[in-house]
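Listed in order, the protein sequences are those of chains A and B.
Under the numbering used here, think of the first position of the first sequence as 1, with each following residue one higher.
Under the numbering used here, think of the first position of the second sequence as 1, with each following residue one higher.
Straight line, CA to CA, 30 Å or less: simulated DSS-like cross-link-like pairs of lysine-lysine:
| hint | chain 1 | residue 1 | chain 2 | residue 2 |
| --- | --- | --- | --- | --- |
| 1 | A | 15 | B | 131 |
| 2 | A | 131 | B | 131 |
| 3 | A | 5 | B | 90 |
| 4 | A | 5 | B | 99 |
| 5 | B | 61 | A | 5 |
| 6 | B | 61 | A | 61 |
| 7 | A | 304 | B | 15 |
| 8 | A | 61 | B | 5 |
| 9 | B | 304 | A | 5 |
| 10 | B | 39 | B | 15 |
| 11 | A | 389 | A | 40 |
| 12 | A | 15 | B | 304 |
| 13 | A | 5 | A | 21 |
| 14 | B | 123 | A | 5 |
| 15 | A | 99 | B | 5 |
| 16 | A | 15 | B | 99 |
| 17 | B | 15 | A | 131 |
| 18 | A | 5 | A | 15 |
| 19 | A | 5 | B | 333 |
| 20 | B | 123 | A | 132 |
| 21 | A | 131 | A | 196 |
| 22 | B | 132 | A | 131 |
| 23 | B | 5 | A | 90 |
| 24 | A | 90 | B | 21 |
| 25 | B | 132 | B | 196 |
| 26 | A | 21 | B | 90 |
| 27 | A | 21 | B | 304 |
| 28 | A | 132 | B | 131 |
| 29 | A | 21 | B | 123 |
| 30 | A | 304 | B | 389 |
| 31 | A | 99 | B | 21 |
| 32 | A | 99 | A | 304 |
| 33 | B | 99 | B | 123 |
| 34 | B | 5 | A | 123 |
| 35 | B | 21 | A | 304 |
| 36 | A | 90 | B | 39 |
| 37 | B | 196 | B | 131 |
Calculated from the structure, these hints are not laboratory results.
2 protein chains.
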Amino acid sequence: MRYSKNIWHPCSQMKDYETFKPLHIVRASGCYLELANGKKIIDATSSWWCKSLGHQHPRLKAALLQQADRFEHVIFANTTNDKIIALSNKLTSLMPSLKKVFYAGDGSCAVEIAMKMSLHARKILQEPQRKKFITLSNAYHGETVGAMSVSDLGLYSEPYTAMLFDTVVISSIPYVSHQNAALWSNCDAYWEQIEKQLLPWAETATAILVEPILQGAGGMKIYSQDFLKRLRAWASLHHVHLIADEIMTGIGRTGKMLACEHAGIEPDFLCLGKGLTSGWMSFSAVLTMETIYDLFYDDYETGKSFLHSHTFSGHALGAAIAFEVLAIMEEEKLCERAVLLGAHMYESMLAVANETGQLTNVRGIGAMVAADLVSADPSRRLGYEVFQKAVDLGALLRPLGNTIYWLLPLNAEMGVVDELRGITIGAIASLVPSLRRRGARSEQE
Amino acid sequence: MRYSKNIWHPCSQMKDYETFKPLHIVRASGCYLELANGKKIIDATSSWWCKSLGHQHPRLKAALLQQADRFEHVIFANTTNDKIIALSNKLTSLMPSLKKVFYAGDGSCAVEIAMKMSLHARKILQEPQRKKFITLSNAYHGETVGAMSVSDLGLYSEPYTAMLFDTVVISSIPYVSHQNAALWSNCDAYWEQIEKQLLPWAETATAILVEPILQGAGGMKIYSQDFLKRLRAWASLHHVHLIADEIMTGIGRTGKMLACEHAGIEPDFLCLGKGLTSGWMSFSAVLTMETIYDLFYDDYETGKSFLHSHTFSGHALGAAIAFEVLAIMEEEKLCERAVLLGAHMYESMLAVANETGQLTNVRGIGAMVAADLVSADPSRRLGYEVFQKAVDLGALLRPLGNTIYWLLPLNAEMGVVDELRGITIGAIASLVPSLRRRGARSEQE
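Given these sequences and hints, build the entire structure.
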């Protein structure tokens, strides 16, 4: 009855909605979504990884209202305002060499702006041969044409091949489950193989794109910080830019303000989105170095201007919220909090794995844990079955294929993790007849 | 002092800001921006064409607050809510055959989603040869890689060539100044030449993209409705999709709710943004036909799902505002109002042309009028000089090169037009020594 037949939902096979109707949301608060039927369920993946301070944060609402009383948005070419200045000061204090901010709307747009700046810089530098982008296997940088071209989506991007440009994809990434893995600190065993893949492009690459430390849509994969460090060094040596897409990892998700900090490196371009406004609205930023900015800085007649004109660049409501997000992160020490929460999440996911025997490769960093279903029956959509059962049991837990993951707000109460553990055990147990009774028991814990 | 050195503004040569500091906005209301120095100036282009109901509309603010009290945003895969259902019902009532809505963040993303749907449909239809996009000369569809590939930006896109795909650009567009031009109703004289350009692609094109009736960034150019009608007929005959990018033209700008209505046609895909929320935030929509949607509707295992996953798809705050925008448009009959306002704008721009003798090709439709500076000195940036002078005189009038245009909120008072006329005369007169006294006189009118 509630289900509108005229909506085409994102990332969905709409036929699935015949048998599993969309959840009718009426309210949301903290980690919880309230449904029209009165039920409250956990938003276990922070609404596609963006609601890093949870829903309805009172300070963020207050920041929105305060700005809404002054102005909501004014063209950001040739204008400025206190809020965007304050936000820019905060953002450019995140990393010593990232001193300039360009604002955009969504994450993929931020990635494309960084890519365009890199390529445009080559023209100004008279290095026209440098036009290749390098990306990592399992990379995801968004789904507009440019962002998709540098993503490693396999079959999913196949229908769009006619629009995509060729990208170099580096494989043999040194993945780890945890920061205590030996590979985390030393990926020597992998590096030779990786460098071999990079070297042919040393003179023709303009930039390497990475999701630092944690790859999201590609399956919540964590890789060695030493790898990122070496990648940065290699890029610097060969004058290749490093673009860090921290749209998912940034603003505390991995237990550091920026995931790049794990490797102690700074990229040439840094992209922020999602958690930047704690998912209040589409608002993104590209940070870059003064040396890049300076290339474009010249008399108008020289034709070096970067003319990208995003209607909502510098959006005042978004800026007001982002400023408050950064203030809260700082005041409430939420990076440290993410580490504590994450430790409990990791232990709890291990408990789910032990209890069900259906999970492998439990991995975690900051406030993210993931594990893969040991599929006995590849003809079944096990992740989707877990998703449906979890909703029944009280959590919106939307797996990536057969990868189950939790990505709670950084300020979630520890008790939410315990609740989620029970629900996840119950949902997984329902797949396996012999586990059903144990699963039911766990729910009551 | 106020100017932040760490911001890289959009669509700007930052060196220009040395001599012309960004305007420091503190408030905005209706058609006016209030600066830190206490001055109020007219937002003559509705902040890049998005603030179609002006700044700080009380009903839109109320809609924002009401939704902000419930929830700001929840992942839109597998969820729904009353507001998005209500908005979708309104949007799918705009045109009889556009019965499905997919939501996105910004305008270029909406354009790229329509393009991806078109190309993906070809794969499902087993028409792999249909992969070419056709666009019009002077087209502008956005600046992400896909949107830029189908835009006709000339030199501006040159630095990004390595990322762009080839598009067919149709020239000899039958431009008009006004709906009373003969060409408006009959473009027979142009059609043969146009059809000749289209025909080679009849079997290999997937879609034609148009900004219906009014091309924006390409220079505020108006074209024959008969041309759009014929283009639609040609596309249907050859099974080519028509993508209407109404991001700027939609929601009343041209005096019709949708610019396509001027030609009495319906596209296969319709993209809305900007005015959809009256520029309150980045929020866009792609409407399409049931027949397109049905192609993707099948069992999950068939692999036909459209998996584009925009984090902020179906954004609840944006939906609440967009719903209210559509309600206001209807209740206050703002399309009719745009026609009345536009008539006064057109007469007033003609007066500017007469008074200054510096404008040619005065043109207008709905609440948009434009004219080109008769440049006597191509080495000067005349449009930029007019812009600077206009700010002094009281209007943020940001020309496109040497094209001066007004694009006021649809609900602007007639008096604002009169004020703008005086300012524009004064700004243009300042370029030409002999006109300065007359210009000064006009300002006092």
